[in-house]
Amino acid sequence: MKVTIGAVVKGGTSLGYKTGNWRDERPVLDMEPCKRCGQCESVCPDSAIHIIDEYYIIDYDFCKGCGLCAYECPADAIEMVQEEK
Amino acid sequence: MNTKEITNQEELFVSGHRACHGCGMAIAVRHILKATGKNVIVVTPTGCLETFTSPFGYSPWRVPWIHHLFENGPAIATGVVAALKAQGRDDTRVLAIGGDGSTFDIGFGALSGMLERGDDVLYICADNGAYMNTGGQRSGASPLYSATTTDPAGRSSVGKFQMKKDIPTIVAAHGVPYVATASVAYLKDLEKKIKKAMTYHGPRYIQIDSTCPSVWGFPSDRTLEVGRLAVECGITPLFEMENGEITKVRKIKKKISIEDYLKTQKRFRHLFAGDQGREALKEIQDLADANIRKYGLLKQAKAETTTSSEEVFT
Numbered sequence: 001m002k003v004t005i006g007a008v009v010k011g012g013t014s015l016g017y018k019t020g021n022w023r024d025e026r027p028v029l030d031m032e033p034c035k036r037c038g039q040c041e042s043v044c045p046d047s048a049i050h051i052i053d054e055y056y057i058i059d060y061d062f063c064k065g066c067g068l069c070a071y072e073c074p075a076d077a078i079e080m081v082q083e084e085k
Numbered sequence: 086m087n088t089k090e091i092t093n094q095e096e097l098f099v100s101g102h103r104a105c106h107g108c109g110m111a112i113a114v115r116h117i118l119k120a121t122g123k124n125v126i127v128v129t130p131t132g133c134l135e136t137f138t139s140p141f142g143y144s145p146w147r148v149p150w151i152h153h154l155f156e157n158g159p160a161i162a163t164g165v166v167a168a169l170k171a172q173g174r175d176d177t178r179v180l181a182i183g184g185d186g187s188t189f190d191i192g193f194g195a196l197s198g199m200l201e202r203g204d205d206v207l208y209i210c211a212d213n214g215a216y217m218n219t220g221g222q223r224s225g226a227s228p229l230y231s232a233t234t235t236d237p238a239g240r241s242s243v244g245k246f247q248m249k250k251d252i253p254t255i256v257a258a259h260g261v262p263y264v265a266t267a268s269v270a271y272l273k274d275l276e277k278k279i280k281k282a283m284t285y286h287g288p289r290y291i292q293i294d295s296t297c298p299s300v301w302g303f304p305s306d307r308t309l310e311v312g313r314l315a316v317e318c319g320i321t322p323l324f325e326m327e328n329g330e331i332t333k334v335r336k337i338k339k340k341i342s343i344e345d346y347l348k349t350q351k352r353f354r355h356l357f358a359g360d361q362g363r364e365a366l367k368e369i370q371d372l373a374d375a376n377i378r379k380y381g382l383l384k385q386a387k388a389e390t391t392t393s394s395e396e397v398f399t
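Those sequence lines, one after another, are chains Z and Y.
Residue numbering for the first sequence follows my numbering, beginning at 1 and increasing consecutively.
Residue numbering for the second sequence follows my numbering, beginning at 86 and increasing consecutively.
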């Protein structure tokens, strides 16, 4: 890798580093009990939950499987499932 | 472009950074940038935040971001403010986001200088109570009787035996317009405080209780829960100070004992064995109670003080 002057790096380039393989447990979202409150998106340290209109998408490319979304969900709509590798 | 890419474009702190599972600081930074918007320049001294966001070639920041030495965060921020002023760019604001090591210990002189000069910088301290990115050595922010790698608990020690520095009060003593404490457990409150701080000009300071599952020793899904317990037991008071006066305090909803908070973390595990530990617990409980009295965290406590002062005057 070539070092730029001042070691300047373009913003948002970390999207090229997938942290999804850090995961032991995978959050699985059930849209049936989900109240669309947005709490899971709000608490995700990895910005890996996206809300597009009414739809909630978990980005497994980046989710590290910390389980915060499942623990904080007021409707218990997210379940942590053991990852099989 | 797929849907994921579209939503990632709105986020100013994107995925792919290398914070530990359930990092409280990463959650805090996302919400800080949500509250400030993209017209900011962020300055970050050495610490966890710098380490996990700057492996060369991969940056999660979608705002201009500068890393520099451990000790000169506030001084660099001053320089950025001066450069913006020279260019006549009044609408771009400057944020400095440091950890507790750079704020409480190593960069404290520079911080004090920045506050005294009155530079237009919002300084945010993401306080996780030790030097986490090197494995958890004690800092001036480590709480009383917490076990750290340099203050380990053992037969003749119950962990760090000094108090945590009261930096918000020290900052307020500089006569700055806005000082606040916040917690990752209350994210809407955090965003509100950042937005309010942005309405002021001059040096401002916000300290965020940034829970750390890796070194505090609790499961990664309890990041917000542990932060909530810290507020509910009174050890972490959340308040706002405007022009030297406390204007807002977050009241405790349901008071819990200090044990309920401490037993959730491995760094306090040694306090639950032996007489020395019991004594230490009492001391920490006294600290929490002193906070509750000082900031009037209980609704009843405030009523009691007003009646007693009335009695004195009549």
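Check before you lean on any hint, since a few could be wrong.
Covered stretches of chain Y, going by a simulated chain Z footprint (3 or more residues, C-beta under 8 Å) [what the hints assert, rightly or not]:
id : region
1  : 142 to 155
2  : 278 to 288
3  : 299 to 309
The calculated DSBU-like cross-link candidates involving lysine-lysine, where the alpha carbons are at most 30 Å apart (straight line), are [stated by the list, open to error]:
id : chain 1 : residue 1 : chain 2 : residue 2
4  : Y       : K281      : Y       : K351
5  : Y       : K379      : Y       : K339
6  : Y       : K351      : Y       : K379
7  : Y       : K170      : Z       : K35
8  : Z       : K35       : Y       : K351
9  : Y       : K348      : Y       : K338
10 : Y       : K340      : Y       : K280
11 : Z       : K35       : Y       : K250
12 : Y       : K249      : Y       : K123
13 : Z       : K2        : Y       : K340
14 : Z       : K10       : Y       : K340
15 : Y       : K336      : Y       : K384
16 : Z       : K18       : Y       : K273
17 : Z       : K18       : Y       : K123
18 : Z       : K10       : Y       : K170
19 : Y       : K170      : Y       : K250
20 : Z       : K35       : Y       : K280
Only part of the chain Y face toward chain Z is listed, based on derived beta-carbon distances under 8 Å [as the list claims (entries may be wrong)]:
id : residue
21 : H106
22 : G107
23 : C108
24 : I112
25 : R115
26 : V166
27 : G239
Keep in mind the hints are simulated off the structure, nothing from the lab.
Even for Gly, the Cβ is constructed at its ideal location relative to N, Cα and C.
Taking the numbered hints from earlier one at a time, note which ones the structure violates and give those numbers from smallest to largest.
-> Numbers 2, 4, 7, 8, 11, 12, 13, 14, 19, 26 and 27, in rising order.
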